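Could you put together the complete structure from these sequences and hints?
Chain by chain, the residues run as shown.
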Amino acid sequence: MEAIVTIENLRKYFDIKKSIFSKPRKVKAINDISLNIPRGSIFSVVGESGSGKSTLGRLILKLIEPTSGKICFEGEDITDLGSKDLIKYRREMQIVQQDPYNSLHPRKLIKDIVGEGLKIHYKLPSDEIYVRIKGILERVGLREEHMFRYPHEFSGGQRQRIAMARALVLRPKFLVLDEPTSALDVSVQARTLALLKELKESLELTYLFITHNLAVVDYIATHVTVMYLGKIMELGSKDEIFSNPKHPYTMSLLEAIPSVGRGKRIRKIPRGEIPSPLDPPKGCLFHTRCLQAMDICSKEEPDEIEISKGHLCRCHLYS
Amino acid sequence: MSRLLDVENLRVIFHTYRGTIKALNGIRLWLNEEERLGIVGETGCGKSVSALSVMRLIEAPGEIIDGQILFEGNDILKLSEEDMDRHIRGKRMSMIFQEPISALNPVFKVGFQIAETIAHCNDISIGDAYKLVPESLEMVGLDWKRSIDLYPHELSGGMAQRVMIAMALAIKPKLLIADEPTSALDVTIQAQILQLLDELVKIGKNAVILITHDLGVASEFCDRITVMYAGNVIEISNSEEIFDEPLHPYTKGLISSIPIIGASRELTGIPGSVPDLVSPPSGCRFHPRCDFCFDRCRTEPPTLSEISPGHFVACHLYSDGVKEG
Ligand SMILES: Nc1ncnc2c1ncn2[C@@H]1O[C@H](COP(=O)(O)OP(=O)(O)O)[C@@H](O)[C@H]1O
Ligand SMILES: Nc1ncnc2c1ncn2[C@@H]1O[C@H](COP(=O)(O)OP(=O)(O)O)[C@@H](O)[C@H]1O
Ligand code: SF4
Ligand code: SF4
Ligand SMILES: [Mg+2]
Ligand SMILES: [Mg+2]
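Quick note, the sequences are listed as chains F and C, same order.
Heads up: the first sequence begins at 54 in this note's numbering, then just goes up one per residue.
Heads up: the second sequence begins at 80 in this note's numbering, then just goes up one per residue.
A portion of the hints provided could be inaccurate.
[What the hints assert, rightly or not] Here are the simulated DSSO-like pairs of lysine-lysine, each with C-alpha atoms no more than 27 Å apart in a straight line:
#1 F/LYS362 - F/LYS291
#2 F/LYS70 - C/LYS331
#3 F/LYS335 - C/LYS281
#4 C/LYS188 - F/LYS71
#5 C/LYS210 - C/LYS224
#6 C/LYS331 - F/LYS250
#7 F/LYS71 - F/LYS253
#8 F/LYS335 - F/LYS321
#9 C/LYS157 - C/LYS210
#10 F/LYS71 - C/LYS224
#11 C/LYS170 - C/LYS284
#12 F/LYS123 - F/LYS141
#13 F/LYS321 - C/LYS284
#14 F/LYS187 - F/LYS226
#15 F/LYS335 - F/LYS79
#16 C/LYS210 - C/LYS331
#17 F/LYS137 - F/LYS226
#18 F/LYS352 - F/LYS81
#19 F/LYS226 - F/LYS123
#20 F/LYS115 - F/LYS335
#21 F/LYS321 - C/LYS281
What the hints contain is simulated information worked out from the structure, not anything from laboratory work.
Since this is a predicted model, take the numbers as computed values, not measurements.
Structural data, given as structure tokens:
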């Protein structure tokens, strides 16, 4: 499959200062990541909080600048493009964020929120803008009359639909969805996921789908990347990762999920908590919590190994 | 096993500028000693208000306007605030919350806060109580030397919840109420905390009310599940049966909304959204969203009735005592 987005050896380091006098320390939020996002895929990124998922999404959209590495969109290197040259890409790559309460301007009408991008990117007559806004709102399950209301008049699920409409009205090809349903109740999540799936097909989109919920990944994704402390632990097609998970971290994420209606279960839960990104473990990043850690794991960092075609895993168990 | 808690016809309202929120509409709950009850339902259905009512922590603009809450046989709604504090709250029952870091006092070290709790419930000096703190911290899986002198903001979410659990269980409560204790945590930490809680309440023989929006969490941890919708209890059943044989259309919708690994099914969800409790729908509060709604549903509120042993539902489809639909 042809890649719509390609990233090579991408890094993003943040400088963190504990106080104004202390010397800045580096957080390696994204630490040498390479991957291809196939056109038409729902490429999911999973991992616990702080693993670098949102940073990855923001880097690809060029909302923040990488420390090093390369980002290509449809074969073109966009890493060093300035804001002027990026305008064309801004239209084609959009984002929907987690929080449906803070991501919409509280004092703007829905038609202005959704139409803002149209005014920036296209010189369209106002009746054409109106028709497009109305059309996209209907597409996400809202109605024409909603154009003249304010965000606070909508439920969380409806606000996520407004955020989706705002992104889709520009007719993008690629959408970053950063925990789009994490703040929603499960019955609303279900309908939102079904809508996202349907829109992806009918509008021929590609998604980078960020989530911490593996059950959601199983439902919606075609590909999975498991991240931990800024690095890829495991990557592959969804079917392969769920039927043949290899990395101990992936397995512990799967293990930790509550089993719905299946009664109590003894589970192998990783010990401890995710270490501070300011002071990541030597060797394998996961060794402090891994139930299968060996001597070598605290000394040498494992390489990415190809388990089978397209299935990558970073773990000494397989080297 | 004897009855620990019996809540009957509990009504709670909140006075707001928009009008009166009918938050709890005459709910019924019960719990035996050492039993674990899960309360599930979506945001705003009244889970936390139920818990706070049992702790008698409802404050203005909220008001308990009707009902009784029998705890160990006494109606705690009739107790004075002083008796509640001296004998019940923090003595016979305790509570943990979703945001443990904000539930702790930010200016005191963890060790001191635990000591204070132990001192209060055992009527001993802080000095004596402090000697028991290391044991308390180790019990919840924390290295006491490393954690006793930390301030709340220095704790991770998982550590803070462990501290809350240490405090809540230090008093050896008959009843522990846990309101979304793991909802803010990563899944591996959630699994750790639930496992810890499971072990400790088994040893301590505490009854537990676990409030969660996650049916999976509730079904694994609890013996029985109470499903709430818009201020009503709409179904009660043991944890397996609620999945295998849900009765209420809302419960069915909820279950068909949950993504389950390997299930490869479409998620249907539930149409519409939860009603505004200032002016809730007439009759059955679920009727505007219900596929099975018929005339009677629009006018007459259904009451909870027992359809099979231990399985209760509030829905007119079952009003003649038969299972169908
Ligand atoms: N603007 C920023 N400044 C400093 N550190 C940041 C910034 N954004 C993210 N980080 C750090 O980078 C790491 C990855 O964060 P993030 O990408 O938000 O993770 P995730 O989305 O997986 O929870 C975290 O340690 C976070 O604290
Ligand atoms: N302090 C308050 N003031 C006004 N309304 C409240 C207050 N606390 C709760 N409510 C209302 O009571 C209802 C039930 O809330 P709650 O029990 O917190 O729901 P949940 O099931 O999410 O825990 C909601 O409609 C909520 O808006
Ligand atoms: S490299 Fe070692 S510590 Fe890391 S995941 Fe594999 S077995 Fe565990
Ligand atoms: S009482 Fe009527 S409206 Fe309510 S859940 Fe039952 S069938 Fe549906
Ligand atoms: Mg994030
Ligand atoms: Mg609540």
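Going through the hints against the structure:
1. Proposed proximity of F/LYS362 and F/LYS291 is supported: the alpha carbons are some 13 Å apart, at most 27 Å.
2. Pair hint F/LYS70 plus C/LYS331 does not hold up; C-alpha atoms about 51 Å apart against a cutoff of 27 Å.
3. About 38 Å separates the Cα atoms of F/LYS335 and C/LYS281, which puts this hinted pair outside 27 Å; it is violated.
4. Our distance criterion of 27 Å between C-alpha atoms is met by C/LYS188 and F/LYS71, whose separation comes to about 21 Å.
5. For the hint linking C/LYS210 to C/LYS224, the alpha-carbon distance of about 13 Å falls within 27 Å, and the restraint holds.
6. Of the pairs offered as hints, the one joining C/LYS331 and F/LYS250 holds, with about 23 Å between alpha carbons and a cut-off of 27 Å not exceeded.
7. Of the supplied pair hints, the one linking F/LYS71 and F/LYS253 is violated, its CA atoms being roughly 43 Å apart against a limit of 27 Å.
8. For a cut-off of 27 Å, the pair hint linking F/LYS335 to F/LYS321 stands: about 24 Å separates their Cα positions.
9. At most 27 Å may separate the alpha-carbon atoms for a hinted pair to count; C/LYS157 and C/LYS210 exceed this at roughly 37 Å.
10. Distance restraint check for F/LYS71 and C/LYS224: the Cα-Cα separation of roughly 24 Å lies within the 27 Å cut-off, and the hinted pair is therefore satisfied.
11. For the given pair, C/LYS170 sits about 15 Å from C/LYS284 by alpha-carbon distance, which is consistent with the 27 Å threshold.
12. Among the hinted pairs, F/LYS123 with F/LYS141 is consistent with the structure: their alpha-carbon atoms are about 18 Å apart, no more than 27 Å.
13. Of the supplied pair hints, the one linking F/LYS321 and C/LYS284 holds, its CA atoms being roughly 25 Å apart against a limit of 27 Å.
14. For the hint pairing F/LYS187 with F/LYS226, the CA-to-CA distance comes to about 20 Å; that is within 27 Å, so the pair holds.
15. Note on F/LYS335 and F/LYS79: the hinted pairing holds, with a Cα-Cα distance of about 15 Å set against a maximum of 27 Å.
16. At most 27 Å may separate the alpha-carbon atoms for a hinted pair to count; C/LYS210 and C/LYS331 exceed this at roughly 51 Å.
17. Pair hint F/LYS137 plus F/LYS226 holds up; C-alpha atoms about 20 Å apart against a cutoff of 27 Å.
18. Taking the CA atoms of F/LYS352 and F/LYS81, the gap is about 19 Å. The hint holds against a cut of 27 Å.
19. Taking the CA atoms of F/LYS226 and F/LYS123, the gap is about 20 Å. The hint holds against a cut of 27 Å.
20. At most 27 Å may separate the alpha-carbon atoms for a hinted pair to count; F/LYS115 and F/LYS335 exceed this at roughly 30 Å.
21. Among the hinted pairs, F/LYS321 with C/LYS281 is consistent with the structure: their alpha-carbon atoms are about 20 Å apart, no more than 27 Å.
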